[in-house]
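K.L.:
Here is what each chain is made of, one letter per residue.
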Amino acid sequence: AQSVTQLDSQVPVFEEAPVELRCNYSSSVSVYLFWYVQYPNQGLQLLLKYLSGSTLVKGINGFEAEFNKSQTSFHLRKPSVHISDTAEYFCAVSDRGSGGGADGLTFGKGTHLIIQP
Amino acid sequence: DAGVIQSPRHEVTEMGQEVTLRCKPISGHNSLFWYRQTMMRGLELLIYFNNNVPIDDSGMPEDRFSAKMPNASFSTLKIQPSEPRDSAVYFCASSIAGSYNEQFFGPGTRLTVL
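Each protein sequence line maps, in turn, to chains R and U. Quick note: the first sequence uses this note's numbering, first residue 1, plus one each step. Quick note: the second sequence uses this note's numbering, first residue 1, plus one each step.
The set of hints was computed from the structure by calculation and includes no laboratory data. The model shown is predicted, which means the values in this text are computed figures rather than measured ones. Treat the hints with caution; some may be incorrect.
Unchecked claim - The calculated lysine-lysine pairs, modelled on DSSO-like cross-linking and capped at a C-alpha distance of 30 Å, are: (1) R/LYS109 - U/LYS78; (2) U/LYS78 - R/LYS58; (3) R/LYS69 - R/LYS58; (4) U/LYS24 - R/LYS49; (5) R/LYS69 - R/LYS49; (6) R/LYS109 - U/LYS68; (7) U/LYS24 - U/LYS68; (8) U/LYS68 - U/LYS78.
Stated by the list, open to error - Sample of chain U residues lacking proximity to chain R, with all beta carbon distances greater than 12 Å (derived): (9) THR13; (10) GLY16; (11) ARG64; (12) PHE74; (13) PRO81; (14) PRO84.
Even for Gly, the Cβ is constructed at its ideal location relative to N, Cα and C.
Could you build the full structure based on these sequences and the hints that come with them?
P.N.:
Take a look at the structure:
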């Protein structure tokens with residue numbers, strides 16, 4: 001069984017300030033890791049993913065995340081946020097399975113990023 | 001290319017009625033997922049299909065819920081009878097098996113059961 005913990009339900013940040021959204025996971029097997037973003041009244045959009053290799057992953061909209069196996073964490077960061085980054089952010093994991101085969105995602109509860117002018 | 005298409009976008013129904021949600025995955029994708037999003041429980045996987053075959057339905061909450069995928073381009077999620085606690089946003093997602101689970105989500109169906 002897997003679980004994902006997003007430690008902060010809300011993170012208020014001033015525009016142009018840096019931000020870090022925290023994500024920890026628990027799994028008995030190796031996992032793939034994802035961050036998705038959900039804008040109001042929309043579906044989820046993939047920000048970035050960690051499959052293997054370099055532990056620092058870069059995604060869209062200037063976001064990046066770092067995989068830390070020893071701490072079972074996958075925190076999301078952005079050096080300077082914009083008002084348009086206001087959204088709900090979800091961390092998710094899935095089993096590596098076999099050969100990248102499809103498997104369902106286990107999501108965290110989400111972090112609402114609030115950008116203050 | 002069109003993304004994942006879901007219909008209807010909004011559904012309001014009365015308790016006891018049958019509800020059918022529809023999903024058209026991205027062409028060429030052979031895995032399809034149904035998720036439910038509520039304030040209390042967040043995003044939960046209900047069921048997923050690989051090559052039209054249900055693989056894991058352990059997330060389906062009760063026998064009132066059923067899902068089908070009669071072909072590669074269409075899936076339905078049915079609730080019969082519906083109850084107020086089924087009110088949620090239901091998302092469909094699709095992916096290519098072997099693409100390391102990069103799932104593409106539809107816009108969701110907001111279901112309200114009165």
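K.L.:
I'd like to know which numbered hints this structure contradicts. Please list them from smallest to largest.
P.N.:
When the structure is compared with the hints, only number 2 turns out to be violated.
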